[in-house]
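Please arrange chain B on chain A, whose structure you already have, making use of the hints.
Line by line, the protein sequences are chains A and B.
FYI, the numbering used here numbers position 17 of the first sequence as 17, with every residue one higher than the one before it.
FYI, the numbering used here numbers position 330 of the second sequence as 330, with every residue one higher than the one before it.
Accuracy of the hints is not assured; some may be wrong.
It does not matter which identical chain is meant; a pair holds if it fits inside one copy or across any two.
[To be verified] Below, simulated BS3-like cross-link-like pairs (lysine-lysine); rule was C-alpha separation at most 27 Å, straight line:
(1) K261 to K25
(2) K265 to K289
(3) K132 to K172
(4) K24 to K172
(5) K88 to K68
(6) K30 to K289
(7) K237 to K66
Think of the hints as simulated: they come from the structure by calculation, not from any bench.
On a predicted model such as this, the values are computed, not experimentally measured, just so you know.
Protein chains: 2
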Amino acid sequence: MHFKLAFIGFGVVGQGLTEILMEKKDWLAKKYDFHYTIVAISDIMKGSIYDKNGLDMAKILDLVKKGKKLDGYPTGVKGMDSLATISKTNADTIIEVTFTDVKTGEPALTHIKAALDAGKNVVSTNKGPVVKQAVELVDMAAANNAHYGFEGVVLAGTPVLNLAKYTLAGNKISGFKGILNGTTNYILTRMEEGMSYDDALKKAQELGYAEADPTGDVEGLDALGKVVILSNVVLGKNLSWENVERKGITEITGEDVMKAKAEGKRWKLIGSAEIQPDGSVKAKVWPEKLSLSDPLAGVCEAINALTYHTDELGSITIIGPGAGRRETGFSLLIDLLEINRKSNG
Amino acid sequence: MHFKLAFIGFGVVGQGLTEILMEKKDWLAKKYDFHYTIVAISDIMKGSIYDKNGLDMAKILDLVKKGKKLDGYPTGVKGMDSLATISKTNADTIIEVTFTDVKTGEPALTHIKAALDAGKNVVSTNKGPVVKQAVELVDMAAANNAHYGFEGVVLAGTPVLNLAKYTLAGNKISGFKGILNGTTNYILTRMEEGMSYDDALKKAQELGYAEADPTGDVEGLDALGKVVILSNVVLGKNLSWENVERKGITEITGEDVMKAKAEGKRWKLIGSAEIQPDGSVKAKVWPEKLSLSDPLAGVCEAINALTYHTDELGSITIIGPGAGRRETGFSLLIDLLEINRKSNG
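For reference, chain A alone in the conformation it holds in the complex (with noise of 0.2 Å):
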């Protein structure tokens, strides 16, 4: 497939893709037949650009990591916002990646309605969205004949998302456990190490794994919201926010981890949904002391971790990173390379 690719926001992770996509052009045309223009980009920031016949993205990139806008592009057509970009552009395919709040969605969520209803395929790294209405969107995609991709949402590159509908395909999920964020990951990593919480916390943030106000992570808010979502895509259930037990690692003394040390153990803070026998899911985010021969207990660092439950494998278990700018920007490769395979056939 040669795709016509549109940005709506072009912040790091945008920037991650293009990247990966300018290193690997021929490897993917090789490889995979997987081709691609890059026709418009679209950011409330930065401003907007759109020429149908493609734009030079060594110069956009130049642009933005001189902090200039897009209008000293040379050519093209200036100003377009983002409904424009999605609607009024040749693009086939929108990706989305604006700042969005997500509790609400927003913006995103109007983007993604925006370019389905255009019949234009949307790969997205907004959680927002996918936390909101994921069933619905993705119905909404397939009775417009277009993909709605979000592999991302999740645990960035890892493709957790991707391995429950393909690779496992044929088995059934009844829930899973994992270690769904980073930052606390790191904290807890520190912390048996002998580091106290509240310096863990600090190296976390000079590091860039925590904000600089830190209660998402910590509080297990940001673990919260991946539950959410993999009970609804992957279990095919339909919580919200509210109904997930949470509690978060700041109770966790260097007491607490030290004395599971001594025992074997390690605290993790798992995130977790398991089908229950009369069809509802019970899911929790809450520190647990696992044994050191649970797969998750040797997942250390910032690194994530995600076991399914399956009923002909069993567990199966996958790790690898949740964050970090090209990784994110990966995951929308990993969509883009879905839409290809079901379009190259």
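Just chain B, lined up with the frame of chain A:
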């Protein structure tokens, strides 16, 4: 797609797949638009049966479980040998699960070639043909517009090949390391609990993990075959048995295991290969003392695991079962579902 399936060989793996297909018939049809009729079985011990309109598999399993020959089936054509069953029936997809010599690849290799030559798909759990000439067989399948699937040859139903091909698509994979043999991992797990090597081996034999002659497992030969397969299929190299350095676990003493435990480490038998700067590949099967922060260190009992080294995501590890009657039967369904996806488009 509506498959017309023929079994060549009908031992525990073929029976395992049959049970899965029967139990999940309606679900597979609904969820994946996957339909099938089993039209023929040819087994060197159990005899052979063909009905172009399909066999009653409940009756077949009943005969087989009572130790009776397939001649006891009330209707259909009896006595066709494996090659006649492959080429002279209306089967479009051959399930090749004969008892095969892993060194020569026969008789599976002859069966696979005959099927591909007739433009029929083949799925097979036999390692020999893949070790010997995976690349040629995949090319032969492509040239005949057919599919050769062999997910089960590495870790049974844990889909390491499918993972590399689809779920990790877009990554360049430069190497791997894994726990590729369940028996040795089971023995090392028991030894860490204080059991002697001899007692742990005996226990593994009682549980059916190890053969009466355990050489293939404990000397690393089984893992070596999997290193060859992964090097050739995933890394695109052309290794054979003698290109892999090998050492088993027989020289690891209880004292070694306990010393590692005291250091916060664990012995594992690791199969690995890494592409070198000159393009060659360095492959080995060797006991390694892993830190407990290595994801492979947490993999205990008869469970297997594989870490791929990728350019975009760093290390990605998958953990799951590596053997078992039903798990290996299931690996054939993974291959069939891949054919089904391509066919349904």
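Should K88 paired with K68 be assigned to within, between, both, or neither, using CA atoms and 27 Å as the limit?
within (25 Å within a copy, 70 Å between copies)
As a check of your reading, is K132 near K172 (CA-CA no more than 27 Å) within one copy, between copies, both or neither?
within (24 Å within a copy, 34 Å between copies)
Taking 27 Å as the upper bound on the Cα-Cα distance, should K265 and K289 be classified as within, between, both, or neither?
both (6 Å within a copy, 19 Å between copies)
Within, between, both or neither: K261, K25 at alpha-carbon 27 Å
This pair counts as neither: shortest intra-copy Cα distance 48 Å, inter-copy 48 Å.
Between copies, within a copy, both or neither: which fits K24 and K172 at Cα up to 27 Å?
between (36 Å within a copy, 10 Å between copies)
For K237 vs K66, is the C-alpha pair at or below 27 Å within one copy, between two copies, both, or neither?
neither (46 Å within a copy, 43 Å between copies)
Give the relationship of K30 and K289 under a CA distance limit of 27 Å: within one copy only, between copies only, both, or neither.
Cα proximity of K30 and K289: none, with 47 Å in one copy and 40 Å across.
Checked against the numbered hints given earlier, this structure breaks hints 1, 6 and 7; the rest are met.
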